[in-house]
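Visitor: In the order they appear, the protein sequences are chains A and B.
The first sequence runs 32 to 141 under the working numbering.
The second sequence runs 66 to 489 under the working numbering.
For the record, the hints were derived by calculation from the structure and aren't laboratory data.
Fair warning: this is a prediction, and the values are worked out from it, not measured in the lab.
Cβ coordinates follow ideal geometry from the N, Cα and C atoms, glycine included.
Check before you lean on any hint, since a few could be wrong.
A few chain A residues that don't get close to chain B, going by computed Cβ distances all over 12 Å [said to hold, decoys possible]:
| id | residue |
| --- | --- |
| 1 | G96 |
| 2 | D108 |
| 3 | Q113 |
List of simulated lysine-lysine pairs, DSBU-like, C-alpha gap at most 35 Å [to be verified]:
| id | chain 1 | residue 1 | chain 2 | residue 2 |
| --- | --- | --- | --- | --- |
| 4 | B | K216 | B | K229 |
| 5 | A | K97 | B | K293 |
| 6 | A | K139 | B | K98 |
| 7 | A | K104 | B | K131 |
| 8 | B | K229 | B | K288 |
| 9 | B | K187 | B | K299 |
| 10 | B | K293 | B | K187 |
| 11 | A | K110 | B | K288 |
| 12 | B | K216 | B | K327 |
| 13 | B | K274 | B | K98 |
| 14 | A | K110 | B | K299 |
| 15 | B | K216 | A | K140 |
| 16 | A | K97 | A | K110 |
| 17 | B | K229 | B | K133 |
| 18 | B | K288 | B | K131 |
| 19 | B | K293 | B | K229 |
| 20 | B | K226 | B | K187 |
| 21 | A | K97 | A | K140 |
| 22 | B | K274 | B | K226 |
| 23 | A | K104 | A | K140 |
| 24 | A | K110 | B | K293 |
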Amino acid sequence: MVQLKPDQSMIKMTILLLAVLSVATTVQAAEPAAPRPSVERLAHACAGCHGTHGHAIAPTPSIHGKPEEDFVKAMQDFKSGQRESSIMNRIARAYTNGDIDAMAQFFKKY
Amino acid sequence: MSGITRRTFLKSAGTVGALSLLGCTVAPSKGAKAKVVIIGGGYGGSTAAKYLKLFDPSLDVTLIEKRKTYYSCPGSNEVISGWHDLGWLVRSREGLTTRLGVNLVRAKVVEIDPQKRIVTLKDGSEIPYDRLVLSPGVDMRFDAIEGYDLKTSKLIPHAWKAGKQTTLLLNQLKAMRDGGVVIITAPAGPYRCPPGPYERASLIANYLKRSKPRSKVIIVDAKTQFSKQALFLKGWQDLYPGMVEWVSSEKVGQIDHINPSKLIVATEFNNFRASVLNVIPPQKAGWLARKTELADHSRWCPVDPRSFESTLIPNIHIIGDACIATPMPKSAFSANSQAKICAAAIVDLLNGRQPGPPSLINHCYSFLAPDYAISINGVYEYSVAERQLVATGGGETPMDADRGREAEFARSWRENITADTFEG
Chain A
32 MVQLKPDQSM IKMTILLLAV LSVATTVQAA EPAAPRPSVE RLAHACAGCH
82 GTHGHAIAPT PSIHGKPEED FVKAMQDFKS GQRESSIMNR IARAYTNGDI
132 DAMAQFFKKY
Chain B
66 MSGITRRTFL KSAGTVGALS LLGCTVAPSK GAKAKVVIIG GGYGGSTAAK
116 YLKLFDPSLD VTLIEKRKTY YSCPGSNEVI SGWHDLGWLV RSREGLTTRL
166 GVNLVRAKVV EIDPQKRIVT LKDGSEIPYD RLVLSPGVDM RFDAIEGYDL
216 KTSKLIPHAW KAGKQTTLLL NQLKAMRDGG VVIITAPAGP YRCPPGPYER
266 ASLIANYLKR SKPRSKVIIV DAKTQFSKQA LFLKGWQDLY PGMVEWVSSE
316 KVGQIDHINP SKLIVATEFN NFRASVLNVI PPQKAGWLAR KTELADHSRW
366 CPVDPRSFES TLIPNIHIIG DACIATPMPK SAFSANSQAK ICAAAIVDLL
416 NGRQPGPPSL INHCYSFLAP DYAISINGVY EYSVAERQLV ATGGGETPMD
466 ADRGREAEFA RSWRENITAD TFEG
């Protein structure tokens with residue numbers, strides 16, 4: 032067995048450590064983000080207030096058939112607090128931008 | 066196998082009066098439509114039936130409910146306050162049959178055989194299932210408070226299930242003299258509708274202010290804090306000064322016993338004498354769930370919140386008040402939201418797919434007066450690390466928000482959730 036000199040050993044360890052760190056980082060970066068709930072699972076929950084497929088009895092707004100950009104803007108404004116609502120500010124912050132885009136497409140269909 | 070025959074099915078369904086024979090098949094076999102049976106036609110069960118048919122119209126969906134008339138629990142405090150008649154709480158599920166083809170069976174289920182996957186009705190007929198959904202609601206724990214049992218509840222209402230109990234409390238309030246004291250006892254969690262006792266106190270105060278202004282309401286609470294507390298306390302101060310008193314168990318201790326003949330609530334350190342007494346006892350999962358051994362030591366049913374399938378018995382799903390869906394509260398809205406996740410998961414499972422991650426909402430309004438309401442809500446997702454639901458959004462009505470506007474939304478919510486749950 033070859034006896035390593037201290038400096039060589041140190042270099043080897045450093046290389047090893049760097050390699051481990053690099054692998055760890057790679058693994059972390061490569062790991063996919065947790066999947067988001069399907070758009071059906073996201074959107075049907077809204078019906079408790081906004082009616083089945085977004086068809087609501089007023090004054091709760093109907094959210095079906097809206098142009099996607101209007102839906103997205105409303106939700107993003109609720110999420111950021113730019114638009115005030117005693118209810119929707121609390122709800123909108125739970126959804127990712129991807130969720131909001133998907134729900135906009137979903138409700139446009141009905 | 067002892068599958069349902071056309072004759073036994075007709076016999077059991079005949080008691081309903083109306084029956085849709087569409088989708089009535091014999092026992093499930095290869096190539097046959099999958100059979101999903103739902104027991105309990107409240108907010109959870111009715112929503113499950115509707116959304117199963119929306120997600121897959123080819124499914125054979127049977128909803129079994131024992132009650133002839135179903136009264137909605139949400140809204141029952143408004144009936145107690147005299148804003149509406151009891152009939153206003155009636156919900157019909159006819160649209161689920163006429164528009165979606167759900168088989169409605171009015172019958173009492175006496176047994177579930179999870180091995181054979183058969184539900185037995187009181188008349189002996191049997192209904193087989195591929196997947197079973199239980200939405201049995203709650204039972205009162207009549208062994209929990211000394212002096213308060215089933216018999217006593219016929220005189221001293223809990224009014225925590227709408228119907229006769231609602232009328233009993235309403236009539237006692239009407240008969241009470243001006244200057245009387247109404248006592249509500251509130252249980253420790255978990256129980257159906259966490260803000261319910263405080264909404265009830267508010268709406269009884271609303272009635273008393275109109276009709277018996279020298280009277281008051283006292284809540285004797287097993288808890289030391291409660292849902293929407295700051296908002297309720299402010300509301301009582303603004304609307305009913307001096308009329309509503311909340312007594313924490315921190316101050317008077319837990320309830321030791323009830324004296325039903327003298328209408329006395331005895332706590333560890335105090336006695337409260339009532340003119341009208343409303344005891345809201347601790348609760349547990351409905352009878353059928355407990356009998357089938359779907360409940361654990363907590364008396365509630367553990368489920369996987371991605372499918373609401375029991376973690377104790379396969380192919381049986383439990384939704385609504387009876388299941389453990391921490392941190393979701395036990396509410397009609399939660400039941401409606403859970404039913405949709407459950408329905409989507411059942412369609413996935415029947416097609417050999419693993420259900421994906423869930424997304425749920427709860428939103429609960431409480432009225433304090435006709436033009437004054439507050440709310441609490443939550444948005445929930447599944448945490449793989451915690452193996453349960455976690456809240457990713459939600460909160461309470463902001464202190465400076467317009468309570469009149471919330472009241473308008475609360476009325477609108479009632480119409481919308483009724484349509485989303487009971488109408489096809």
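Visitor: Which numbered hints does this structure break?
Guide: 7, 9, 10, 13, 15
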